[in-house]
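Those letters in the sequence shown? Residues -19 to -1, 1 to 683, per mature numbering (1 follows the signal peptide of the UniProt record, and there is no 0), in order.
Be a bit skeptical, because a hint or two may be false.
Unchecked claim - Calculated cross-link-like contacts (lysine-lysine; reagent style DSBU-like; alpha-carbon spacing at most 30 Å):
hint: 1; residue 1: K333; residue 2: K396
hint: 2; residue 1: K333; residue 2: K178
hint: 3; residue 1: K177; residue 2: K200
hint: 4; residue 1: K362; residue 2: K177
hint: 5; residue 1: K401; residue 2: K177
hint: 6; residue 1: K59; residue 2: K99
Claimed, not checked - Derived DEER-like restraints, expressed as beta-carbon distance ranges:
hint: 7; residue 1: Q485; residue 2: Q296; range: 54 to 60 Å
hint: 8; residue 1: V94; residue 2: T198; range: 48 to 54 Å
hint: 9; residue 1: T53; residue 2: A141; range: 53 to 59 Å
hint: 10; residue 1: S38; residue 2: E618; range: 29 to 35 Å
hint: 11; residue 1: A646; residue 2: E170; range: 43 to 49 Å
hint: 12; residue 1: Q485; residue 2: H26; range: 28 to 34 Å
hint: 13; residue 1: E628; residue 2: L588; range: 17 to 23 Å
Hints in this document: simulated from the structure, not taken from any laboratory.
Keep in mind it's a predicted model, so treat the numbers as computed, not measured.
No residue lacks a Cβ here, since even glycine has one placed at the ideal position from N, Cα and C.
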Amino acid sequence: MRLTQPPAALVLLAVRAAARSILDKSSSLTLLFQNNLDPLDDGNHVGALLLDPMPYSAGVAACASLHETLVTPDVIGKHPQDFADSLRYLQFSGHVRPNSRFFVANATLSVPVEAGSKPRLEPIKAADGALNVLCTQSERAASADVSSPSASNAVSVTSAAGNTYLGYRNLKSFRFLGIPYANPVSRFEYSTVYSKKGQTINAQGYGANCAQAYDDTSKEDCLFLNIQTPYLPGTAQPRRRSLKPVLLTIHGGAFTGGNGGSGFDGGNLVSREDIVAVSINYRLTTLGFLAIPGTDIKGNFGIGDQVTALRWVRQNIALFGGDPARITVIGESAGAGSVKALIGSPPVIREKLVAGAIAQSNLGGGEGMGPSASYSTTYSKYYTIEQSYAVAGQQIFRGAGCNQTQLDEQIRCLKAVPAKTLANLPDVARYVVQDGHFINARQLNVAARDGSTAHVPVIFGTTAHDGASFFPYPQGGNFTSEADFIAAALGVDAASARAILDSQLFPLYSTGNLSLDAFNVSQRVMTDVGFRCIDEAIVYGGARSGVFPAAYYYTFDRTNGGYDPNGLGATGLSAGPVTPGYPLGNPNLPYFRLHGAEIGFTYGNVLPRDPADTKATQLITGFFASFAKTGDPNPPEAYLRARGYSEALANHRESGPWRPVSSEAGPGKSLDYPARTISLPDRAQCAWLKYPITYYLDQRKS
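Make a model of the complete structure from these sequences and hints.
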């Protein structure tokens, strides 16, 4: 469900409410909520809003300006642990001083820093001057799908350029949606950072998706980003130590679809882990990636949009509580391909726009293993402009009816074709190319530290069965052997299919279901050749050469749903079959960990099938958030204790630390509960497929 822009009358009411906000009186605003990432348990917890020190009477007025009141002692008495954990963490993080006292209704509240201590209520003293204030938090909507703006939950921030961004809050975050990050841009030109001044920007609903097939609401004017944050500094200059690390999401979708909307909502993540989440749209298909030799249309407009978004975030994110020096980019599928392109992009490297990178299910592949592998290859080995034009040039002109004899006339014609028409053509441009500015190399260089790849920590990895989403599961047919199906599924000849089986590196499971057995073999081959082998090669090569100061690898072994063109969910093969006690699927029984099925666990947006789902997402969000904070995915035990995350502390201890890759064997991490330490999987299989872990180093030598 996508939020639309609210009616003009509501916007006006919200603007007026925001104008009365305490934020305009220079106080920061911090949203407190003890989030254990179990949506079924949200109702058992209470939130609060923290304001800066002020006299008691000013605190009463400040809460009222937010349509709230001071927290009452009876609420604290009903939720003592929530307040103890929240306030203890504020002291641990340096947001308030140790042993601070807070104004609540007709009393002061304190929580000693010692673990296990309870909240203390005391009468207000005549000597009490300015104390931090705790206001109620009456917003109960917790997810992107049910959150909505109103006059009573509006918040705003104002930039030095005089731009006022109007957002709102829900139970878990302050939300600013649909912010334009780029100036209006003409077709087939590169975007620039939004430069208007003195604007009031309604950021209460997602902006339009970028033009794409099968989406009648998508538009060409689409360069928007979304922010979820637990902290707004107010109009005062924020203390650097109060600013939060930023996790910026680049969506996937084959460079032809997708958006940065509710599917990547960071509300749970920022509430749980005290970071700022950003997600972006960028131009797709032909509008984002058309490249024409000998012209100024050099492609990579979508990659250029991502760089523009990073520049906007660098300039503005402190307004929303984020640290511009700690921006980690994360993306899945084509988003992972974007992350990989960005850490090899000269402008990103030169301007130091990213501090870390997480690539989830980055595609790679090797030629000679069927069409699926060849498709994935284009995400890691970049076409020249000429190569891209050969497969997505004149085909596009013909499809659009631009059949003029002169190229410049064809281009003028194409610029006038409706965006939706271009997006729905049978042939579209979707390739990252070597344009000479944003991308100037054939592939990411991890073999030598020569400045062509950003020297930042990275995480790469895949789901356990990424390849299961990329060829059809047989629904009958005339296959008489596993080899017949493997040949058909992978698009290879019978001899190659038989060689796969004879290698004994891809064994049959012999379930008695011929189709399932053959599918298991084929998906493993595709997972290796399309995803796993190249990602292992990247982290090993970058770790060995020192290109990356630290490189981490994972396999997602607990997922739910995902990209499922075969309808495996209907058979229980994408979440676990429904069994007694498991109405949402039993994750303890066999199922495929499909492409894209890790996203809910990454962002903490999981409807748990069993208690282990919640424990797993607590671990996983903790890993990724810690990486965004420090470049190390292991959260410090002192942090977990201070937050009151005793269960997560026990789970991290049970799982053991996630160590960086240090040899061909790894190590890596199985993202599950518990999160086991593993060796890099299928190294022998990758070598047999002629895509060994030393691939990048071998390329350098040759």
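Going down the list of hints, with the structure as the test:
1. K333 with K396: Roughly 34 Å separates the two Cα atoms, so the pair is violated.
2. K333 with K178: Distance ~26 Å between K333 and K178 Cα, so the pair holds.
3. K177 with K200: With a Cα-Cα distance of about 21 Å, the restraint between K177 and K200 holds, given a limit of 30 Å.
4. K362 with K177: Answer violated: K362 to K177 is near 38 Å, above 30 Å.
5. K401 with K177: Roughly 28 Å between the alpha carbons, so the hint for K401 and K177 holds.
6. K59 with K99: It holds: about 12 Å lies between the C-alpha atoms, which stays within 30 Å.
7. Q485 with Q296: 54 to 60 Å: holds, 56 Å
8. V94 with T198: 48 to 54 Å: holds, 51 Å
9. T53 with A141: 53 to 59 Å: violated, 38 Å
10. S38 with E618: 29 to 35 Å: Hint violated: Cβ distance 42 Å, outside 29 to 35 Å.
11. A646 with E170: 43 to 49 Å: holds, 48 Å
12. Q485 with H26: 28 to 34 Å: 53 Å Cβ-Cβ, so the 28 to 34 Å window is violated.
13. E628 with L588: 17 to 23 Å: Because 19 Å falls inside the window, the suggested range holds.
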